[in-house]
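Assemble the whole structure, with the sequences as input and the hints as a guide.
Single-letter residue listing:
There are 2 protein chains.
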Amino acid sequence: MTSRATAERLDRADPLAPARERFELPAGVVYLDGNSLGAMPAGTPAALDRTVRRQWRDHLIKGWTDDGWLDAPMRVGDRIGRLIGAAPGQTVTGDSTSVQLFNALTTAARLRPDRRILLSDGDGFPTDRYLAASVARMLGLELRQVPMAELPAALDAYGDEVGVVLGSPVDFRTGETHDVADLTARTHRAGAVTVWDLCHAAGALPLALDADGVDLAVGCSYKYLSGGPGAPAYLYVARRHHAAADQPLTGWLGHAAPFAMTPDYRPADSMARFRIGAPHILSLSALDAALDVFDDVSVADIRAKNTGLGRFFIECFDARLAGLGFELVTPRDDARRGSQVTLSHPDAARLMDQLAARGVIGDVRPPTLLRFGFNSLYVSYTDIHDAVTVLGDLAEANRRPHDRTAPAQRLIGETHVAQ
Amino acid sequence: MTSRATAERLDRADPLAPARERFELPAGVVYLDGNSLGAMPAGTPAALDRTVRRQWRDHLIKGWTDDGWLDAPMRVGDRIGRLIGAAPGQTVTGDSTSVQLFNALTTAARLRPDRRILLSDGDGFPTDRYLAASVARMLGLELRQVPMAELPAALDAYGDEVGVVLGSPVDFRTGETHDVADLTARTHRAGAVTVWDLCHAAGALPLALDADGVDLAVGCSYKYLSGGPGAPAYLYVARRHHAAADQPLTGWLGHAAPFAMTPDYRPADSMARFRIGAPHILSLSALDAALDVFDDVSVADIRAKNTGLGRFFIECFDARLAGLGFELVTPRDDARRGSQVTLSHPDAARLMDQLAARGVIGDVRPPTLLRFGFNSLYVSYTDIHDAVTVLGDLAEANRRPHDRTAPAQRLIGETHVAQ
Numbered sequence: 001m002t003s004r005a006t007a008e009r010l011d012r013a014d015p016l017a018p019a020r021e022r023f024e025l026p027a028g029v030v031y032l033d034g035n036s037l038g039a040m041p042a043g044t045p046a047a048l049d050r051t052v053r054r055q056w057r058d059h060l061i062k063g064w065t066d067d068g069w070l071d072a073p074m075r076v077g078d079r080i081g082r083l084i085g086a087a088p089g090q091t092v093t094g095d096s097t098s099v100q101l102f103n104a105l106t107t108a109a110r111l112r113p114d115r116r117i118l119l120s121d122g123d124g125f126p127t128d129r130y131l132a133a134s135v136a137r138m139l140g141l142e143l144r145q146v147p148m149a150e151l152p153a154a155l156d157a158y159g160d161e162v163g164v165v166l167g168s169p170v171d172f173r174t175g176e177t178h179d180v181a182d183l184t185a186r187t188h189r190a191g192a193v194t195v196w197d198l199c200h201a202a203g204a205l206p207l208a209l210d211a212d213g214v215d216l217a218v219g220c221s222y223k224y225l226s227g228g229p230g231a232p233a234y235l236y237v238a239r240r241h242h243a244a245a246d247q248p249l250t251g252w253l254g255h256a257a258p259f260a261m262t263p264d265y266r267p268a269d270s271m272a273r274f275r276i277g278a279p280h281i282l283s284l285s286a287l288d289a290a291l292d293v294f295d296d297v298s299v300a301d302i303r304a305k306n307t308g309l310g311r312f313f314i315e316c317f318d319a320r321l322a323g324l325g326f327e328l329v330t331p332r333d334d335a336r337r338g339s340q341v342t343l344s345h346p347d348a349a350r351l352m353d354q355l356a357a358r359g360v361i362g363d364v365r366p367p368t369l370l371r372f373g374f375n376s377l378y379v380s381y382t383d384i385h386d387a388v389t390v391l392g393d394l395a396e397a398n399r400r401p402h403d404r405t406a407p408a409q410r411l412i413g414e415t416h417v418a419q
Numbered sequence: 001m002t003s004r005a006t007a008e009r010l011d012r013a014d015p016l017a018p019a020r021e022r023f024e025l026p027a028g029v030v031y032l033d034g035n036s037l038g039a040m041p042a043g044t045p046a047a048l049d050r051t052v053r054r055q056w057r058d059h060l061i062k063g064w065t066d067d068g069w070l071d072a073p074m075r076v077g078d079r080i081g082r083l084i085g086a087a088p089g090q091t092v093t094g095d096s097t098s099v100q101l102f103n104a105l106t107t108a109a110r111l112r113p114d115r116r117i118l119l120s121d122g123d124g125f126p127t128d129r130y131l132a133a134s135v136a137r138m139l140g141l142e143l144r145q146v147p148m149a150e151l152p153a154a155l156d157a158y159g160d161e162v163g164v165v166l167g168s169p170v171d172f173r174t175g176e177t178h179d180v181a182d183l184t185a186r187t188h189r190a191g192a193v194t195v196w197d198l199c200h201a202a203g204a205l206p207l208a209l210d211a212d213g214v215d216l217a218v219g220c221s222y223k224y225l226s227g228g229p230g231a232p233a234y235l236y237v238a239r240r241h242h243a244a245a246d247q248p249l250t251g252w253l254g255h256a257a258p259f260a261m262t263p264d265y266r267p268a269d270s271m272a273r274f275r276i277g278a279p280h281i282l283s284l285s286a287l288d289a290a291l292d293v294f295d296d297v298s299v300a301d302i303r304a305k306n307t308g309l310g311r312f313f314i315e316c317f318d319a320r321l322a323g324l325g326f327e328l329v330t331p332r333d334d335a336r337r338g339s340q341v342t343l344s345h346p347d348a349a350r351l352m353d354q355l356a357a358r359g360v361i362g363d364v365r366p367p368t369l370l371r372f373g374f375n376s377l378y379v380s381y382t383d384i385h386d387a388v389t390v391l392g393d394l395a396e397a398n399r400r401p402h403d404r405t406a407p408a409q410r411l412i413g414e415t416h417v418a419q
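So the protein sequences, as listed, match chains B and C.
Read left to right, the first sequence gives residues 1 to 419 (UniProt numbering).
Read left to right, the second sequence gives residues 1 to 419 (UniProt numbering).
There are no misleading hints in this set.
Only part of the chain B face toward chain C is listed, based on derived beta-carbon distances under 10 Å:
no. : residue
1   : D58
2   : A231
3   : M261
Hints in this document: simulated from the structure, not taken from any laboratory.
Note that CB positions come from ideal geometry on N, CA and C, so glycine has one too.
So, in structure tokens, the structure goes:
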């Protein structure tokens with residue numbers, strides 16, 4: 001059931017297997033850290049070169065109009081919108097997730113000026129917590145941070161004081177999923193608005209922001225979207241909030257007529273009001289190219305595969321890692337598991353270094369978590385099999401002190417990975 | 001005095017003339033809009049390709065450490081610091097000028113919590129005015145906007161109520177310069193702190209932030225620094241303010257130990273606290289490459305040349321454009337003129353379009369201003385001569401209605417530009 005032959009059979013039956021050709025991955029590497037930084041799409045270098053040499057060099061300042069740079073934040077935003085269930089005209093790309101979170105949280109709080117509590121996921125990614133604290137302090141709000149699972153109870157307890165609820169569909173550490181529709185509905189019943197952090201969900205899990213009635217959302221594009229290191233973030237604001245949205249980052253490109261350069265700020269009627277400053281065109285063009293890989297792929301198919309990859313990882317875990325000091329942190333239930341598997345082990349950091357030396361890349365969240373993320377477009381069942389096999393070998397070898405001096409071996413080879 | 005032969009003689013004597021080879025400019029173009037978007041340095045495409053294919057593709061997540069991405073905001077910041085008179089460790093790159101302005105103005109105001117007035121340049125670039133208004137509103141401050149020349153009088157009038165003064169060393173419309181040292185000293189005497197917008201000065205004019213006692217400064221890197229369209233902005237904070245600096249954009253990469261992912265925000269002791277979110281590595285690597293062109297060039301030499309180019313432009317203006325409806329907006333006094341010349345003409349927009357059709361690129365600031373910027377590293381005296389000559393030809397032709405149907409001619413050719 002967990003043999004390499006099984007993995008190979010699963011790969012042969014995988015309709016997304018050919019998508020791996022759309023990426024360039026270094027030889028001899030099993031890359032299970034695409035939930036931190038996605039691999040490079042094969043089309044990126046040429047797209048970037050085109051932007052630099054056919055647009056910037058040749059068209060100079062006219063690139064802003066003739067090459068569509070000025071509209072790129074909204075155009076690329078709409079491409080992301082398709083992946084997160086947002087109709088066109090509600091998603092803009094730019095700046096970093098931290099900046100977008102600050103803008104989104106402040107804008108959300110101003111939609112509910114009579115409410116004094118900002119309620120947020122206490123297990124959220126650090127920047128979410130830091131920015132929530134900053135916004136709460138700046139606006140004189142009270143910040144309450146509780147685990148995602150306790151947000152409904154917190155809403156019940158002081159719902160009519162809550163203005164904003166900040167949550168994430170996927171716990172970045174454990175990979176546990178949370179129900180966007182349900183928490184959004186509860187938030188609305190309490191009279192508050194939601195801000196969702198989609199970083200660990202977009203491009204991996206089905207999202208339906210419009211259908212679920214989400215108010216605002218932010219995310220990064222360098223994880224499952226493979227936009228490149230530090231690729232621009234994005235912001236979603238539901239159309240019904242556009243007219244009232246009163247953001248603090250009143251950059252000139254959000255003006256109704258930026259080039260009129262009027263003394264006073266008058267925001268654009270549309271999502272363009274969230275464009276802020278000059279977009280990072282080079283980074284943005286790499287993201288634009290990366291989104292090509294999603295053109296003929298459905299998020300449902302991506303989700304079906306990463307569910308299968310996670311299930312297979314857990315089967316391999318049961319077969320190979322039992323009794324070696326590991327615990328499975330991620331839920332076994334497919335529906336409650338995102339596109340990653342997290343293990344805990346007392347020796348997590350050392351094991352991850354050793355894995356890297358064998359060509360298996362994941363990451364560590366201190367002190368004890370090992371994270372393995374699955375991008376359905378380039379991770380195979382064989383990758384999963386090989387990674388768990390090597391992890392088991394390492395954990396076993398670490399128990400035998402005399403083995404520690406054995407030279408690191410690359411993972412990929414005819415014999416080593418035989419199961 | 002303003003013949004093409006004179007221009008050619010000036011070019012032959014120009015010690016910076018060889019620097020033009022460090023850029024790739026399209027054939028047949030006189031580019032006088034580098035104060036809006038700098039031309040492409042010749043080394044940029046290869047540097048970007050290296051980042052994408054040798055770093056991202058091959059090193060994946062390890063690029064953050066092994067390729068120095070994590071330190072890039074400070075490392076590249078220090079390279080800009082050298083051009084603005086900032087010792088290392090006080091300049092960080094990232095996000096857009098608008099975002100950096102918001103962060104800088106809020107941080108500055110928090111350094112003077114007992115002061116209720118934010119005083120700013122009423123002729124500043126629109127985003128400066130919009131962000132100053134947003135920050136003032138958010139913090140409950142009173143915003144007073146007066147022309148740069150009246151800021152000293154305003155400081156005298158209500159100095160002990162002023163917390164922050166926002167100004168620019170160069171008026172983006174007129175090209176007039178303002179004395180950073182003098183206004184900073186006056187601001188300090190009033191007990192306030194300065195925020196300078198360096199967008200139209202950095203890389204063109206000598207700046208001495210440390211020596212002048214500047215408190216905070218921001219700028220973009222896509223004008224005279226040629227970092228590329230929407231290249232990351234930068235923020236300078238004088239070292240003496242680091243410990244007390246209390247910024248609103250408390251992104252996780254500004255944390256003292258980002259990867260410890262602690263529940264509470266604890267800012268880095270150093271300038272790294274201003275790193276905010278994940279840096280846009282692709283755009284940042286283009287900027288890094290662009291800064292190579294400054295490695296063996298002094299800002300003093302750059303300033304000497306753009307002073308000469310401006311003076312020659314004005315001589316050509318006097319000789320060629322008199323009586324054609326133009327007015328010189330920029331000061332004739334070398335010391336009061338930045339690296340641009342601005343003219344006004346009732347028919348500005350049409351003239352600029354016609355210029356573009358002849359290969360001369362400047363820009364228009366509505367309704368009547370024509371701006372011409374001089375990047376000393378790639379603009380020649382011959383460029384200036386040719387641009388003014390064509391502008392004169394066009395203005396004359398526009399007076400003769402029957403000429404309007406004449407086909408547009410490219411500027412550069414053996415006969416057309418003979419003076």
